[in-house]
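*Asks:* Chains as they are written, first to last, in this note's numbering: chain G, 1 to 312; chain V, 1 to 312; chain X, 1 to 312; chain D, 1 to 312.
These are calculated hints, taken from the structure and not from any lab test. Take the hints with a grain of salt, since some may be wrong.
Any copy, or any two copies together, can satisfy a pair, since identical chains are not distinguished.
Claimed, not checked - With a straight-line cut-off of 25 Å between C-alpha atoms, the simulated SDA-like cross-links for lysine to any residue are:
(1) K141 to P222
(2) K274 to R192
(3) K29 to H121
(4) K130 to M266
(5) K92 to V68
Spelled out from the first residue to the last, the chains are:
Number of protein chains: 4
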Amino acid sequence: MFEIRTDLAVETSEDKGKKEELSGIRVEKMQEGDDIVITRVCIETQKAAKSAGKPKGNYITIEAEQMVEEDTGYHREISKVFSQQLKGFLPKDYSNSKVLIVGLGNREVTPDALGPKVIDHLFITRHLIKEYGKYLLEFDKCCSVSGIVPGVMAQTGMETVEIMKGVVEETKPDIVVVIDALAARSIKRLNRTIQITDTGIVPGSGVGNYRNAINREHLGIPVIAIGIPTVVDAATIVADSFSSLMEQLNENGQEDVVEQQDFQEMIRDLISPKLNTMYVTSKDIDEAVNRLSYTISEGLNMTFVPEESHIF
Amino acid sequence: MFEIRTDLAVETSEDKGKKEELSGIRVEKMQEGDDIVITRVCIETQKAAKSAGKPKGNYITIEAEQMVEEDTGYHREISKVFSQQLKGFLPKDYSNSKVLIVGLGNREVTPDALGPKVIDHLFITRHLIKEYGKYLLEFDKCCSVSGIVPGVMAQTGMETVEIMKGVVEETKPDIVVVIDALAARSIKRLNRTIQITDTGIVPGSGVGNYRNAINREHLGIPVIAIGIPTVVDAATIVADSFSSLMEQLNENGQEDVVEQQDFQEMIRDLISPKLNTMYVTSKDIDEAVNRLSYTISEGLNMTFVPEESHIF
Amino acid sequence: MFEIRTDLAVETSEDKGKKEELSGIRVEKMQEGDDIVITRVCIETQKAAKSAGKPKGNYITIEAEQMVEEDTGYHREISKVFSQQLKGFLPKDYSNSKVLIVGLGNREVTPDALGPKVIDHLFITRHLIKEYGKYLLEFDKCCSVSGIVPGVMAQTGMETVEIMKGVVEETKPDIVVVIDALAARSIKRLNRTIQITDTGIVPGSGVGNYRNAINREHLGIPVIAIGIPTVVDAATIVADSFSSLMEQLNENGQEDVVEQQDFQEMIRDLISPKLNTMYVTSKDIDEAVNRLSYTISEGLNMTFVPEESHIF
Amino acid sequence: MFEIRTDLAVETSEDKGKKEELSGIRVEKMQEGDDIVITRVCIETQKAAKSAGKPKGNYITIEAEQMVEEDTGYHREISKVFSQQLKGFLPKDYSNSKVLIVGLGNREVTPDALGPKVIDHLFITRHLIKEYGKYLLEFDKCCSVSGIVPGVMAQTGMETVEIMKGVVEETKPDIVVVIDALAARSIKRLNRTIQITDTGIVPGSGVGNYRNAINREHLGIPVIAIGIPTVVDAATIVADSFSSLMEQLNENGQEDVVEQQDFQEMIRDLISPKLNTMYVTSKDIDEAVNRLSYTISEGLNMTFVPEESHIF
């Protein structure tokens, strides 16, 4: 049908799932407290990956209607749930690992600034551990955390994966964690969903170009990607609205109105090529990205530099 | 029909104009050089204002396909055309006037940062003239320019017009110029159109709330509003696409498919309430707003602090 | 002697106090917990004001060695002490007042960004109370808080007091609170001291120009000024070092080395005029200003929008 | 004597030069136009390098009193002179080279933001050339330019040279150009001096730690470092003032006042350890850094992406 873009595995599965259970994709939903829903999507086969348009691997989505609210206590709650889920992607004995955390995206564009802002609030410990050693400090359960904001290709002229390969080669972390703003299909998920996956990420996309993927294959070490949808593709929102319209017409018994085929061509023509360079975001995106960057960075700090290790 | 939002008078007139010449609205198009189109819209009667959803007054639109390109020379060209058109809104003998320039919008949200960024690049002269006097400096043809970035209501708790009234009362400018990012109806106008009007502006809107208008009526002195569309309302883009679809169905002879009335209700339902808090913008909005803020501020500097007056 | 600049009343009194108790200046010191020292300075007479170079009125200084440390719990402790002391400057029944909070300074200059950053983190309630009314929300003990970042004269061409007069006239607050970065005399106080005073403030100074003071006399309502020293004047640091040197030479019995008079002239010559446009600040000023802006804004939020009033 | 810190070779040579011509250091001064002075310092021997506290190699300084002024034409003049001098450090046939430009420093600290801001204004071409090829575009005389802002160690936990090694290894540039804000000894050089050198740079220092130098030895390709002094060390300004005082006392025939030895110890005591974490900068540093970042980036664009190659 229309090319619906989404970076969320949970949306891919929903879509396809309507008609039949998709073979090769396992979906599990859990409730956490009153209003947090955790969904586990496992894409198990290459064939399923192709059909879903997402790499084989594990995806966890944490959804919470109130995620974007101003309540500090609630944010800490989400940070804890996020930290718990993140630990599921880490080796059991990760507590002394070397972790490189990468903030993807463009700081100058509000909905794309999530990654860089997360890095701003991290406890960075690698240089301290290198200088003072672990034995001097109470760093027993503290990871060596480094962080980088590589910038986007229009600013650097380099693919992010090129920069990452070099930095990984030189500083030898055990694990890479990348943070990025994502595109959702549905506006109801904007700023309300955290996705964690072990499949890595393709910066600035969701479509196609796997040559530039930041993943285990390219970096040689585990890559955990964390994302929050902050935009919807403009073409997606229009195409999706059209689909709903058509469904409703069909339900109303007017299904023969337009041939399915013709209808789609008509729509493809209506969606101007300019729409492909456009995205939809919310009017309060500045506050949402600020708050969510704290939620994520608190969760990362809890995970990699737990409070009992702080003496500095 | 659907509530189509646009801050551009030129789009209002286009829309209505399709079927009949609108009485009380005068539209004039001119070519300027190869690819700059200037449109003058004059809303002459209260009735026309109501029908157009825009206050009575004069609107000039400068459109240029290349407005957003990186070419410095071309930008200066646009700045000159803009300055010429702006002078048409000023009194003949404005060259010693006291001008207060106001950058509306939220600096933290990329497409809304136009106003604040324009203020960043202005020659501010009021304090210099007050301290050194005009006779000492070569300020003969130089306006007394002051500037302010009042912030948005969520940040200040105050209506912008309250702040402006107070500052105007206290500093007694002759003219107020306000700069704001606008919403267009059509994405093809984004970042490519400058509107100048003597009707003032309603911050954060385009709809309804004239109580908060920053205009001559409220400030007691002429208010010239300058805007560039950097967003399209998300609901507008969807509704507009639906209209096009319906028109096409009608042309194809399927006009009786759905009753016009039903169709509209269906669509109103499809456009979720959440869509009303969403907007569409372009992926390169950071670069566009940066460049356009220079284009506008250069034009304002040319107009109010011409180069022959610089000695500082 | 040399013109030593400081915005801190506590430093004025220390200096003069060395030789004699200054008549007309009352100084009181208190310990708060382990490492917080609170000093109350009251300048009681016009004569004392002249001799101290500070307006008549009350000054409270909260000093804490650890103020700049990264510990979140500790920061909250300071915010509480600050809120308590601030309440001493407010009327007993202030809990429903209209408060305008003003962030002075230049956001683009790191040590001067304190005021603007404090405004960023405030709970702004005025527009909510105006729209929804107090009875609907649980705003019983909640002030109507508005905020503004007026900018500095080089950016606006206007004296800050002009802008403030206008905004006060138009929005009718009961109290104005201004936040500003200050200059200390001693680098040991940088980023470690909060001063609260009922005398208002002269932006960008500490010397002389009382015409532009933001105070009760000019605004017609109480003005409480809150400041943290983030810079030391470069000339002050050099002159102060010279004084120490001279004292040491005197103690060593070399007091006749140079005539006091000659020495001072010599030093005045050595301190180049360029030094007067220079200031000293710390290398980690970005982190210090970030953290302290949270400390202050949390204290203001506790004071004016206490948690029991939050339902939004 | 006192440890005077300066990153400018021209200041090292001045200082030592007072008493005798330093063997192994060649200094040449030229006038360029009315008020631009170019000084060439060549440190020729390892012994001279040790005595000067600067690595062996070539240093060019461009000094202009008006460098910081607002005049656009004048800035372009400086950019041209800078570009000419820079070309002297490049191979003759550099016009198709691959150049990686690195913006050192901390964007959040105004005087340290020079490097990051220069990168903001560069023409980045590497990704365009990779995608479209040179033959398609008029890139004949255009370098492949990439850029990066690596951040400072407190933000990343990594030495800048580690990041650079990795990126160079991966993207294989022919030349690295690093931009950094420097520390001068004399405030009269602040914001008025550009230094170009082929010796590379040690981030955040000027003293000692050559293990972290970004230079040819560590990166394996030529490294050209460009810097502008925007700060003076606080201890340096005090120590330097003391030296001047002592000289003046000596000239006045009071040379036996204090034993040279004692005097220095006294001063070392007076310069508090806290002073070592402090720097001096100018009050208008935000405007100065903004303007100078354009001067440098324009010069780099002229050099690596000359206008005749622009078609984009």
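*Asks:* Hint by hint, note whether the structure agrees.
*Replies:* Cross-check of the supplied hints:
Taking the shortest alpha-carbon separations for K141 and P222, only the intra-copy value of 20 Å comes in at or below 25 Å, while the best inter-copy value is 42 Å. When the C-alpha separation of K274 and R192 is checked against a cutoff of 25 Å, the pair qualifies only between copies, where the shortest distance is 13 Å, while the shortest distance within a copy is 28 Å. For a Cα distance limit of 25 Å, the shortest separation of K29 from H121 qualifies neither inside one copy, at 31 Å, nor across copies, at 37 Å. For a Cα distance limit of 25 Å, the shortest separation of K130 from M266 qualifies neither inside one copy, at 62 Å, nor across copies, at 36 Å.
Taking CA atoms no more than 25 Å apart as the test, K92 paired with V68 passes in neither setting, with 31 Å inside one copy and 36 Å between copies.
Hints 3, 4, 5 from the list above are not met by this structure, while the remaining hints are.
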